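Using the sequences and the hints given, assemble the complete structure.
Residue-level listing of the chains:
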Amino acid sequence: MRAIWRVFRKEFRETLRDRRSLFTTLVIGPLLMPALISVALSMAIRHGAAPASRPIVLTVAHAERAPQLLQFLRQYRVHIRALQADRATARAMVKRSHSLLLYVPRDFGARLAAGKPASLRLYADESERAVQSRVQRLGSLIGLYGGTIARLRLVARGLDPQLLAPIALHAIDISTPQSRAALVLGMLSYAILLTMLMSGLYIAIDATAGERERGSLEPLLTMPVRREYLVYGKMLAACAMMVVSLVLTVAAFAVALHHIGLDRLGMSANFGPGVAAGIVLGCLPLIPAGAALMTLVAAYTRSYREAQTYVGLVLLVPTLPLIFANIMGLRPRPALMAVPSLSQHFIIMSLLRAQPLPATDLAISAGVTLALGAVLTFFAGRLYRREKLLG
Amino acid sequence: MIEARALVKRFGTVTAVDGVTLRAADGRITGLLGPNGAGKSTTLRMLYTVLTPDDGDAWVDGVSVLTDPLQARRRMGVLPHGAGLYPNLTARENIEYFGTLHGLARGARRARAAHLIERLEMQSFADRLARGFSQGQRVKTALARALVHQPRNVLLDEPTNGLDVMAVRTLRRLLAELRAEGHCILFSSHVMQEVAALCDELIIIAAGTVIVQAAPEELKARAGTASLEEAFVRLAGLGTPESSA
Numbered sequence: 001m002r003a004i005w006r007v008f009r010k011e012f013r014e015t016l017r018d019r020r021s022l023f024t025t026l027v028i029g030p031l032l033m034p035a036l037i038s039v040a041l042s043m044a045i046r047h048g049a050a051p052a053s054r055p056i057v058l059t060v061a062h063a064e065r066a067p068q069l070l071q072f073l074r075q076y077r078v079h080i081r082a083l084q085a086d087r088a089t090a091r092a093m094v095k096r097s098h099s100l101l102l103y104v105p106r107d108f109g110a111r112l113a114a115g116k117p118a119s120l121r122l123y124a125d126e127s128e129r130a131v132q133s134r135v136q137r138l139g140s141l142i143g144l145y146g147g148t149i150a151r152l153r154l155v156a157r158g159l160d161p162q163l164l165a166p167i168a169l170h171a172i173d174i175s176t177p178q179s180r181a182a183l184v185l186g187m188l189s190y191a192i193l194l195t196m197l198m199s200g201l202y203i204a205i206d207a208t209a210g211e212r213e214r215g216s217l218e219p220l221l222t223m224p225v226r227r228e229y230l231v232y233g234k235m236l237a238a239c240a241m242m243v244v245s246l247v248l249t250v251a252a253f254a255v256a257l258h259h260i261g262l263d264r265l266g267m268s269a270n271f272g273p274g275v276a277a278g279i280v281l282g283c284l285p286l287i288p289a290g291a292a293l294m295t296l297v298a299a300y301t302r303s304y305r306e307a308q309t310y311v312g313l314v315l316l317v318p319t320l321p322l323i324f325a326n327i328m329g330l331r332p333r334p335a336l337m338a339v340p341s342l343s344q345h346f347i348i349m350s351l352l353r354a355q356p357l358p359a360t361d362l363a364i365s366a367g368v369t370l371a372l373g374a375v376l377t378f379f380a381g382r383l384y385r386r387e388k389l390l391g
Numbered sequence: 001m002i003e004a005r006a007l008v009k010r011f012g013t014v015t016a017v018d019g020v021t022l023r024a025a026d027g028r029i030t031g032l033l034g035p036n037g038a039g040k041s042t043t044l045r046m047l048y049t050v051l052t053p054d055d056g057d058a059w060v061d062g063v064s065v066l067t068d069p070l071q072a073r074r075r076m077g078v079l080p081h082g083a084g085l086y087p088n089l090t091a092r093e094n095i096e097y098f099g100t101l102h103g104l105a106r107g108a109r110r111a112r113a114a115h116l117i118e119r120l121e122m123q124s125f126a127d128r129l130a131r132g133f134s135q136g137q138r139v140k141t142a143l144a145r146a147l148v149h150q151p152r153n154v155l156l157d158e159p160t161n162g163l164d165v166m167a168v169r170t171l172r173r174l175l176a177e178l179r180a181e182g183h184c185i186l187f188s189s190h191v192m193q194e195v196a197a198l199c200d201e202l203i204i205i206a207a208g209t210v211i212v213q214a215a216p217e218e219l220k221a222r223a224g225t226a227s228l229e230e231a232f233v234r235l236a237g238l239g240t241p242e243s244s245a
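Protein chains in written order, with our numbering: chain C, 1 to 391; chain Y, 1 to 245.
The hints are simulated quantities; they were obtained by calculation from the structure and are not laboratory data.
Where hints are given, some of them may not hold.
[Stated by the list, open to error] Facing chain C, a subset of chain Y residues (Cβ under 7 angstroms, in silico):
| id | residue |
| --- | --- |
| 1 | V50 |
| 2 | R74 |
| 3 | G82 |
| 4 | Y86 |
| 5 | L89 |
| 6 | L101 |
| 7 | L104 |
[As the list claims (entries may be wrong)] Rough simulated footprint, nothing fancy, chain C against chain Y, three-plus residues with beta-carbon under 8 angstroms:
| id | region |
| --- | --- |
| 8 | 22-30 |
| 9 | 120-128 |
Please read these numbers as outputs of a predicted model, since none were measured by experiment.
Ideal Cβ positions, reconstructed from N, Cα and C, are used throughout, including at glycine.
Here it is as structure tokens:
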């Protein structure tokens, strides 16, 4: 058994000298991923904040035909610009600058005065997301103005304006700040699990395909050590690298998200040291399974390059359940907690949402994932006994 | 001492080794000589327990490779064909790593590595990372690594492949010294001069079977020729012999 420790020490030392492994473990995980997610988040925050706070610039053709409407709009932070050019040029300009063009027909005032529907034309390029939200806002503002006129007309005729509103729908947002933040942070578990697995990749490939390719496997097999111990030692080193990566990545996320200031949006990222520790603990059971899976796949390949390709593909397997969960909006339940990687995703999300999962769910997750790791480890050890391993 | 009796190894439908029986004694250098594909490497691989024979058995100092491979491995130092190093370890660390796996204590393996580095004239590159080593530096490191636990038996598969003259001379000298110290040395080659210069005993192997095992002088006498190469060609049954020299 001491041989496992001896192999581990050597593999770990060698990995610390390998630039690719270090890059994956120290740069991609703790730096690149948090940076990417932070940028994506800040952009989402700015987009989310824009509709309510930023003024809309509205170009109006024949502003003189609807002075009261435009006065109303100005109160709601709509900047009115009178149209200088002809209509065709104006439309081209609207398309180019993502602005909005409002055309007031000649009979607008007359029809309004006569109590007939008065039409307005709004030109906008709605393929732009930002424009869509401005059109919506402008639409509801004009609707509000129209509603005011309608109520005044009813009052003038001695009718109760409430007749116009037989049903009132009140949409009440019950999402807590944490759950809204968690929605945005849906990518987080994906990033954590992927970088964690990636930092074990090189050792796992090296254990079989790498050793074979550089001709060090055969001398190694002449050592008076049981062959499965050799592979266990290597997997242990891969696990150690993954633990380092996991801790660094989660810590980096905690720091990065703290600096973004999600509270500006009334959201709290809820990512204190306690949650970070919980995420690390929740993900640990997945590490042996990942190491064994990558080792197994690498053993069946013929060269280092081939192993990189296949193991890289296999890395996507544990991330598939996360994508499904996000698309289908899956919620944690005991049966799903028995799916490795998916259950880790649920644990991360529950911690971020501050909705603790029942202890049985946590036990199922850890138990099943560790059991899978044990089975895969056993097979990886068996594989190392095969003569075909020599290629 | 290494003995093999009726070793058989099949890969699918191909019988690579078909009943090899041989004996390599202590204090002697035994050469395994044969054309490419004769089964030299497969035989050696069964002896050093990387492959399991389909039939027959072999013993290293009386320890069966079938029933007690771990004990057998402790008694062998092995230099496989094209042995590779760990590129992110220095030559010294490569040597000491195998010492660790043999269970040598830290002091013992340090001393042993230092001794071998001196003996194989590796001082100039001993503490450099193995990536970028020349073929000669690689073989020397791999050889030192194989000898780190002072094995009584040393097995080498085509050890001189790709070595320059100076490296070959270092290797020859080392093997002669090991012989003088009473080690059992078994190595394979297809280079006649090398075998002639070194071996006390020759085993000629062709098509998976041992044609003959004898001392070089005896071989020449049996084949009725003064040239070892000629004797090899005749005994191995390879084509028409040239006129006897």
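Evaluation of the provided hints:
1. V50: holds, 5 angstroms
2. R74: Since the shortest Cβ distance to chain C is 5 angstroms, the answer is holds.
3. G82: Holds - the Cβ of G82/Y comes within 7 angstroms of chain C, reaching about 5 angstroms at its closest.
4. Y86: holds, 6 angstroms
5. L89: holds, 6 angstroms
6. L101: holds, 4 angstroms
7. L104: violated, 11 angstroms
8. 22-30: Violated, because only 0 residues of the region 22-30 of chain Y bring their Cβ atoms closer than 8 angstroms to Cβ atoms of chain C.
9. 120-128: violated (count 0)
Hints 7, 8, 9 from the earlier list are contradicted by this structure; the remaining hints agree with it.
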